[in-house]
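Could you build all of it, start to finish, from the sequences and the hints given here?
Quick mapping for you: the protein sequence lines, in order, are chains A and B.
In terms of the working numbering, the first sequence opens at residue 1 and continues consecutively.
In terms of the working numbering, the second sequence opens at residue 1001 and continues consecutively.
If you're looking for bench data, these hints aren't it; they were derived computationally from the structure.
There's no promise every hint is true.
Subject to a maximum C-alpha distance of 30 Å in a straight line, what follows is the list of computed BS3-like cross-link-like pairs (lysine-lysine) [to be verified]:
(1) Lys244/A x Lys1246/B
(2) Lys1261/B x Lys1224/B
(3) Lys243/A x Lys1246/B
(4) Lys1288/B x Lys1308/B
(5) Lys244/A x Lys1288/B
(6) Lys305/A x Lys221/A
As the structure is a prediction and not an experimental result, all values here were calculated from the model.
Chain by chain, the residues:
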Amino acid sequence: MYLKLTRRKFLDCPGTNSEDAGKSEACQGCPNQGICSTGIPVAPDSDMEAIRERMSTIKNKIIILSGKGGVGKSTVSTQLAFTLSRDKNIEVGLLDIDICGPSIPLTLGLQGEQVHCSGSGWQPVFVSENLCAMSIGFLLPRADEPVIWRGPKKNGLIRQFLREVEWGSLEYLLIDAPPGTSDEHLSIVQLLKEDLTGAVVVATPQSISLLDVRKEINFCKKVGLPLIGVVENMSGFVCQHCKKSSELFTSSEGGAERMASAMGCPFLGRISVDPRVGRCTDSGLSYVDAYEDQPVAVQFLSLAKSISFF
Amino acid sequence: MASTVENPTNIPEHCPGTDSANAGKASACAGCPNQQICASGPAGPDPGIQLVKERLEQVRNKVLVLSGKGGVGKSTVTAMLSRSLAARDKDSNVAVLDIDICGPSQPRVMGVLNEQVHQSGSGWSPVYVDDNLSVMSIGFLLSSPDDAVIWRGPKKNGMIRQFLSEVDWGNLDYLLMDTPPGTSDEHLSASTYLSQAGLTGAVIVTTPQEVALLDVRKEIDFCKKVKIRVLGVVENMSIFVCPCCKRLSEIFPATTGGAKKMCEELNVPFLGSLPLDPTVARYCDEGKDFISELPNSPVVQALGEIVKKLVMVCESREE
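Shown next, in the form of structure tokens:
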């Protein structure tokens, strides 16, 4: 007998605070179903009010996603943040919701920094006058301390980040997500709802990456998250010795541009491989500031422009 | 007056696990949003742990392939190791279990993308790639490969439990388990369910840059915390050989000394490095067996050495 999971099994959790908790078709088979459906009155979520208020002073809230790990979400988020904040009149924030693998303190050169708490909330850590960030990385006693948390606890921290961090007035809040389509992604979408401006999806050209990226795009469509577009990272490499270009991660299916077109999603452009991007990422430096005239800097500037026009 | 947020008050210590006898009751649980739910549920060890132990009794070596970081090549390396182990000894049986629920890559990498899983009286039959190499993944259970699996932790844990307790592997010499990045539900569940079944250890995959090593150090620490033996670290995408001029380039510069230095610092074995070969990447995309088709590739040569070391480490434990 063939085993196939029915479509029903893939319906999404309505949320433990929802009125449908435990009663929705999606709940069947979930280990938490009994508890959710006990009929304990669901109190209105008081955090939502506080979150709404925090978000009200932020113009654009953009989440950077990918179904796949290691495609460069944190690198793209960081370099985009650096690039957008080159205009000193534009205030930019970067929120790292990758609880298990928080890279942002490293990529912004803020390792060892601490979060200060004042009467008006948690203060984000500043890179420059108009660029700040928040990450669990700043709350850990050691950088290599693992965060071994199950979903509910991760959700709790994301909720705290949204409720407590005093961003102030921002033009852009970029949200760096972990790979996948799980707790963190559901939480951020459920907590921010219509407040989210849109999603930038990062992919690499390989089919194995596009396989997961398609799922992510379908996730966005399913939860009603507007798609700003797809970026193809690690797209092409120019050998520094012979100056010839080659593809590191070839695709048998035409890469991210073709996939984006097939899924009715805008294509925001490519970012080529330059080992100096890796060095900047590891050292917390802005690539565009360091290598303004290089092709990859032009690509980052173009990406920032596309986002500002959304 | 400003104060430093070091331990935000409602984020407690490490979760004992929702299945633990202490679930909801440990001091660590205070303040956790799930505390009441855990405390009200049935306490005691999950019967699944015993089921998994019985099911995996005939599996000699159970190896987790981990990395704190995504995209370093866990799935590729798992597939490479499994193909290599199966090819070097046709009498040994090898299998791959893909527990990356959100991003299952193994069906594609192993070239069995549209296969189906059969269910018999003795359990779920894995999909066979070769006579002595089989695979199980949630990828086989989806109606379409583009279906997003948008599940929270508890549901993912349920699936992992099923995979570990219901797949009829038969007699195996090696079961390699491909995991998603991170140190969360899937990793905790896998280590809990395998705790009585005798986990041989973990192979950790990384790339050379610090942004990857940062997460990999956490993963190694996780292994120490949950008492999983680290069999060794593989450094993937270590160097790129330009197909035109054959000169070497570092795509992901090892700004802090790479995996070898990290292994020395953390006193874990270094199994070896694999270069970045776009042909291998393409073969993985197409699910082809590059070990038999590209035996002279530097990747295949390096892989041979890594597998030798891995087999030695696994067998030394048996003695």
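Checked hints:
no., hint, verdict
1, Lys244/A x Lys1246/B, "11 Å, holds"
2, Lys1261/B x Lys1224/B, "19 Å, holds"
3, Lys243/A x Lys1246/B, "12 Å, holds"
4, Lys1288/B x Lys1308/B, "23 Å, holds"
5, Lys244/A x Lys1288/B, "27 Å, holds"
6, Lys305/A x Lys221/A, "24 Å, holds"
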